[in-house]
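Chemist: Sequence:
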Amino acid sequence: MTTTNAPAGLKTSEQKALAALTEHSGATAAQIAAYAGIGGSTAGKALNTLEGYNLAYRERGAMTGSRKEADLWYHRPVETTPEHISDEAETEAAPEATEAAPETEAEAPAEEAHEAPAAAETPAPAAKTPAAKATPAKRLARGDLRQMVYDHLAAHPAEEIGPSGLGKLLGRSAGAVANALAKLTAHGQAELTSDSPRRYRFKA
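Going by the working numbering, the sequence shown opens with residue 665, and the numbers climb by one from there.
Honestly, the hints are just simulated from the structure, not real lab data. Please note: incorrect hints may appear among the correct ones.
Here are the in silico distance ranges between beta carbons for each label pair [claimed, not checked]:
#	residue 1	residue 2	range
1	Ala734	Thr686	13 to 23 Å
2	Lys675	Ala822	34 to 44 Å
3	Asp808	Ala850	11 to 21 Å
Each computed DSSO-like pair below joins lysine-lysine, with the alpha-carbon atoms no more than 30 Å apart [said to hold, decoys possible]:
#	residue 1	residue 2
4	Lys709	Lys680
5	Lys680	Lys732
6	Lys675	Lys709
7	Lys709	Lys732
8	Lys832	Lys867
Quick reminder that beta carbons are idealized off the backbone N, C-alpha and C, glycines included.
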């Protein structure tokens, strides 16, 4: 499922927060407030609203002793899976089953069977091959998909690729790959080269 453009019902402050988040994905709520020119509490409420519309998601801040670091907010790309995807979204379900095995010779049209001479010895029918069962993709541990994405970008440093194309290469959903690319970009390990359509490449 893909997200839509910003809903018509967004307030002015929410529209400003969304515009700032689009330009500064991976910022804190305080930074978004500064970029958007709105108050801190207003920015916090706006970001929560955008999260509810599936236009933003947050990465919870880590605990440093008794102090909790600020959450980081990201703009949710267009190519995405159902709302509220977090790190756990990188541990995906298995892809759809592969196509069934092709028909065997035993299922040939009846007209061909009548062409054989009546006196000819009728061979035993070929055994029907059962359809192959799809083998589920290995479930990834947290952070594994991000490493897979990074390894691909590092192996092709001059290549610019989007979440959909990379997802097909890796056999993973475009939404989970988009999240991994956003986090790699936030950590300086990848860079966004095109916003529409989104394209990324390796950043040394």
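Chemist: Evaluate each hint against the coordinates.
Modeler: Here is what the structure says about each hint:
1. At roughly 19 Å, the beta carbons of alanine 734 and threonine 686 sit within the given window of 13 to 23 Å.
2. Taking the beta carbon of each, lysine 675 and alanine 822 are about 43 Å apart, inside 34 to 44 Å as hinted.
3. Roughly 18 Å separates the CB atoms of aspartate 808 and alanine 850, a value that falls within the hinted 11 to 21 Å.
4. Of the pairs offered as hints, the one joining lysine 709 and lysine 680 holds, with about 12 Å between alpha carbons and a cut-off of 30 Å not exceeded.
5. Restraint check for lysine 680 and lysine 732: satisfied, since their Cα atoms lie roughly 27 Å apart, inside the 30 Å limit.
6. In summary, the hint linking lysine 675 to lysine 709 is supported, as the alpha carbons are separated by about 11 Å, within the 30 Å threshold.
7. Taking the CA atoms of lysine 709 and lysine 732, the gap is near 20 Å; set against the 30 Å cutoff, the hint holds.
8. For the hint pairing lysine 832 with lysine 867, the CA-to-CA distance comes to about 22 Å; that is within 30 Å, so the pair holds.
Taken one by one, the earlier hints all hold for this structure without exception.
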